[in-house]
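Visitor: Given next are the chains, with one letter for each unit.
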Amino acid sequence: MPTFKPRDWGSHAPYIAPDYKSTVLRGPTRPLLPITSGLTEGTGPVFARAAIRNLDWDLTQNGRVNGDPIGERMVVHGRVMDCDGRPQPHILVEIWQANAAGRYVHKVDQHNAPLDPNFRGSGRCMTDENGHYRFYTIKPGAYPWGNHFNAWRPNHIHLSLFGPGFATRLVTQMYFPGDPLLELDPIFLGTPDAAARDRLISRFSIDKTEEGFALGYEFDIVLRGRFATPMED
Amino acid sequence: MRYGETPSQTVGPYFAYGLTAGQYGYDFTDIANGVIAGPAAKGEHIRITGQVFDGNNVPVNDAMIEIWQADANGHYAKDPVDVTSDGFRGLGRYGTGTDPQNRFVFDTVKPGVVADGGAPFVNVIVFMRGMLVHAFSRIYFSDDHALHGVDAVLQSVPADRRKTLIAERTETPTGIEYRFDIHMQGDRETVFFDV
Numbered sequence: 001m002p003t004f005k006p007r008d009w010g011s012h013a014p015y016i017a018p019d020y021k022s023t024v025l026r027g028p029t030r031p032l033l034p035i036t037s038g039l040t041e042g043t044g045p046v047f048a049r050a051a052i053r054n055l056d057w058d059l060t061q062n063g064r065v066n067g068d069p070i071g072e073r074m075v076v077h078g079r080v081m082d083c084d085g086r087p088q089p090h091i092l093v094e095i096w097q098a099n100a101a102g103r104y105v106h107k108v109d110q111h112n113a114p115l116d117p118n119f120r121g122s123g124r125c126m127t128d129e130n131g132h133y134r135f136y137t138i139k140p141g142a143y144p145w146g147n148h149f150n151a152w153r154p155n156h157i158h159l160s161l162f163g164p165g166f167a168t169r170l171v172t173q174m175y176f177p178g179d180p181l182l183e184l185d186p187i188f189l190g191t192p193d194a195a196a197r198d199r200l201i202s203r204f205s206i207d208k209t210e211e212g213f214a215l216g217y218e219f220d221i222v223l224r225g226r227f228a229t230p231m232e233d
Numbered sequence: 234m235r236y237g238e239t240p241s242q243t244v245g246p247y248f249a250y251g252l253t254a255g256q257y258g259y260d261f262t263d264i265a266n267g268v269i270a271g272p273a274a275k276g277e278h279i280r281i282t283g284q285v286f287d288g289n290n291v292p293v294n295d296a297m298i299e300i301w302q303a304d305a306n307g308h309y310a311k312d313p314v315d316v317t318s319d320g321f322r323g324l325g326r327y328g329t330g331t332d333p334q335n336r337f338v339f340d341t342v343k344p345g346v347v348a349d350g351g352a353p354f355v356n357v358i359v360f361m362r363g364m365l366v367h368a369f370s371r372i373y374f375s376d377d378h379a380l381h382g383v384d385a386v387l388q389s390v391p392a393d394r395r396k397t398l399i400a401e402r403t404e405t406p407t408g409i410e411y412r413f414d415i416h417m418q419g420d421r422e423t424v425f426f427d428v
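Top to bottom, those sequences are chains A and B. The numbering of the first sequence is our numbering, which starts it at 1 and goes up by one. The numbering of the second sequence is our numbering, which starts it at 234 and goes up by one.
Excised from the complex, chain A in its bound form (with noise of 0.2 Å):
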């Protein structure tokens, strides 16, 4: 019996999506095997809320040097739950990102905007036991890439998460409300279906916006579900 259900791929990308170029000499061009979801598959690996330090799932502070970093602070909520709506909690949520001038800290972006020497952008933090997180972050800018003349990437904000177990591993991104460059982007478009696009896209949040601080940003995940076992009925 599989523990997982199967990967919804009407609401992924295919691997080969000839607009966002590099996919062309990148993505597997036969088609996946059918595996048996056995064991192996039900398992993989957990991580203790003692992996995570203080400043971790903070990147207005965790990156400081001698100030705070420039840009628009932001908090951003979500809950991560299965697609049958069940909370998953103590998943691990890695994040990375640019800073408010659009550029990375890692060493091959090239862009020619300013490093910020307050903020690294990258950390992590952990789902409780509702299956919320949180973190706060400034505001990533807008930067240009190779894919096309005059390509530029929307903002957003890179996500990593275990969930459960090994076969419901998930890398995104996340996008912001609004951003025209959301409906020129290869990457965000190479997801055909309009509505699981939507999805990746957070929502401003007067509610989840802190007074006089950060503003509000909501970013639910759902991963795929499981099947229910006799336990669980």
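The set of hints was computed from the structure by calculation and includes no laboratory data. All values derive from a computational prediction rather than experimental measurement. Check before you lean on any hint, since a few could be wrong.
[Stated by the list, open to error] Below 20 Å or equal to it, Euclidean Cα-Cα: the simulated SDA-like pairs (lysine to any residue) are:
1. B/311 x A/126
2. A/208 x A/75
3. B/396 x A/33
4. A/5 x A/34
5. A/5 x B/427
6. A/5 x B/235
Since the structure of chain A is already known, use the hints to place chain B on it.
Guide: Below, chain B without anything else, positioned relative to chain A:
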């Protein structure tokens, strides 16, 4: 109520200071690295290396490989992954951007056979810029030839593609190494599974 899955998006070229910081020299802790089993782990200590080739047969310098495997007794870790442990950790993660040949390098122990039988293997996930969805594969070991015939997953793979899943064992002055190259495309395209 049924909710739609959050679509997968590419890991992009700039994951290193978030996901593989120690390996690349960034000032951030790791939750996993190239050590899947430390020196105190029970079992046969091995190194698994390989390159990731694109459709032009060029090694990819910005891929990230993750491995999840059973210990030498065939048990998956149930305790939290501890990147400071000198024993068995179970999870490995390595980017191809630091080695001069763009190899991934994992130090581990050879896994035992898991409870549902077959041959020893490790689970692999490939991520990279240019992949909107990661890909799952498996590494089997060349010296387990006798068990490959009773491994249901390996036997489900067309015979002419099985060799793409088998790492070649070599004995080097520094220990036992298995070589496992990943070909994203072409005649030797690695088998990927719909896990």
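Visitor: Decide, hint by hint, whether the structure agrees.
Guide: Each hint tested on the structure:
1. B/311 x A/126: With a Cα-Cα distance of about 18 Å, the restraint between residue 311 of chain B and residue 126 of chain A holds, given a limit of 20 Å.
2. A/208 x A/75: Holds - the C-alpha atoms of residue 75 of chain A and residue 208 of chain A are around 8 Å apart, at most 20 Å.
3. B/396 x A/33: holds (15 Å)
4. A/5 x A/34: holds (13 Å)
5. A/5 x B/427: holds (12 Å)
6. A/5 x B/235: holds (12 Å)
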